[in-house]
Amino acid sequence: MTAIEEHVLRLDPEEARRVRQERLERIGRWVLPLAIMILAIWLWDRICVWNDIPKYILPRPGVVLQTLFDDAGLLFSSLLVTLRITFLSLLLAVVGGVGLAVLFAQSKWVEMSFFPFAIVLQVTPIVAIFPLINIYVDDQTTKLLLCAWIVAFFPILSNTTLGLNSVDRNLRDMFRLNGAT
Numbered sequence: 000m001t002a003i004e005e006h007v008l009r010l011d012p013e014e015a016r017r018v019r020q021e022r023l024e025r026i027g028r029w030v031l032p033l034a035i036m037i038l039a040i041w042l043w044d045r046i047c048v049w050n051d052i053p054k055y056i057l058p059r060p061g062v063v064l065q066t067l068f069d070d071a072g073l074l075f076s077s078l079l080v081t082l083r084i085t086f087l088s089l090l091l092a093v094v095g096g097v098g099l100a101v102l103f104a105q106s107k108w109v110e111m112s113f114f115p116f117a118i119v120l121q122v123t124p125i126v127a128i129f130p131l132i133n134i135y136v137d138d139q140t141t142k143l144l145l146c147a148w149i150v151a152f153f154p155i156l157s158n159t160t161l162g163l164n165s166v167d168r169n170l171r172d173m174f175r176l177n178g179a180t
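Counting from 0, one number per residue, gives the positions in the sequence shown under numbering that gives the first Met the number 0.
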């Protein structure tokens with residue numbers, strides 16, 4: 000018997016049941032998702048085989064894995080370009096969104112004037128905006144950066160504005176009375 004089993008035997012029946020239940024839940028947290036993932040990959044493979052789907056439409060999992068190894072250099076350099084654009088656009092969206100949200104929190108007039116433009120920018124699909132970006136911006140990286148920035152900017156702006164505006168006015172007044180800025 001293992002030390003855990005001996006410990007469980009020394010517990011009262013209710014405590015032993017709880018310990019077994021916790022152990023099953025811990026195991027289930029990773030076994031169940033892993034089993035579902037394996038089942039999904041197997042099903043993907045079988046669907047490709049059963050329906051004789053060409054690999055240029057839906058490649059089998061083995062082909063995808065083999066391509067990952069065969070083209071690792073190209074894929075890694077492309078990943079670096081994508082990550083650079085992603086993080087740079089996120090940085091610009093955070094700086095712009097937080098900065099504008101602070102202005103919105105400081106002045107209701109500024110918020111009422113400019114927030115509708117931010118909403119229009121958010122609700123307009125990027126697919127509709129991209130042709131204009133494509134016409135007016137020459138550099139491919141800048142085009143991608145601008146599209147990623149548009150997608151990331153509004154959630155940061157709206158959530159930061161909501162957070163800054165939701166501060167309790169009484170607490171803010173108390174801080175000002177005590178000399179906080």
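Don't read these hints as lab results, they were simulated from the structure.
By construction, the Cβ of each residue, glycine as well, lies at the ideal position given by its N, Cα and C atoms.
A portion of the hints provided could be inaccurate.
[Stated by the list, open to error] Label-pair ranges, simulated between beta-carbon atoms:
1) Ala15 <-> Ile56: 53 to 61 Å
2) Ala15 <-> Ala39: 31 to 39 Å
3) Val109 <-> Leu64: 46 to 54 Å
4) Pro130 <-> Ile56: 24 to 32 Å
5) Ala39 <-> Gln139: 42 to 50 Å
6) Gln65 <-> Val150: 46 to 54 Å
7) Gln65 <-> Arg17: 46 to 54 Å
8) Asp70 <-> Gln139: 20 to 28 Å
9) Leu161 <-> Gln65: 45 to 53 Å
10) Asp70 <-> Arg28: 29 to 37 Å
11) Ala179 <-> Val97: 13 to 21 Å
Status of each hint after checking the structure:
no.	hint	verdict
1	Ala15 <-> Ile56: 53 to 61 Å	holds (54 Å)
2	Ala15 <-> Ala39: 31 to 39 Å	holds (36 Å)
3	Val109 <-> Leu64: 46 to 54 Å	holds (53 Å)
4	Pro130 <-> Ile56: 24 to 32 Å	holds (28 Å)
5	Ala39 <-> Gln139: 42 to 50 Å	violated (35 Å)
6	Gln65 <-> Val150: 46 to 54 Å	violated (33 Å)
7	Gln65 <-> Arg17: 46 to 54 Å	holds (47 Å)
8	Asp70 <-> Gln139: 20 to 28 Å	holds (21 Å)
9	Leu161 <-> Gln65: 45 to 53 Å	holds (47 Å)
10	Asp70 <-> Arg28: 29 to 37 Å	holds (34 Å)
11	Ala179 <-> Val97: 13 to 21 Å	holds (20 Å)
In summary, the structure is inconsistent with hints 5, 6 from the numbered list given earlier, while agreeing with the others.
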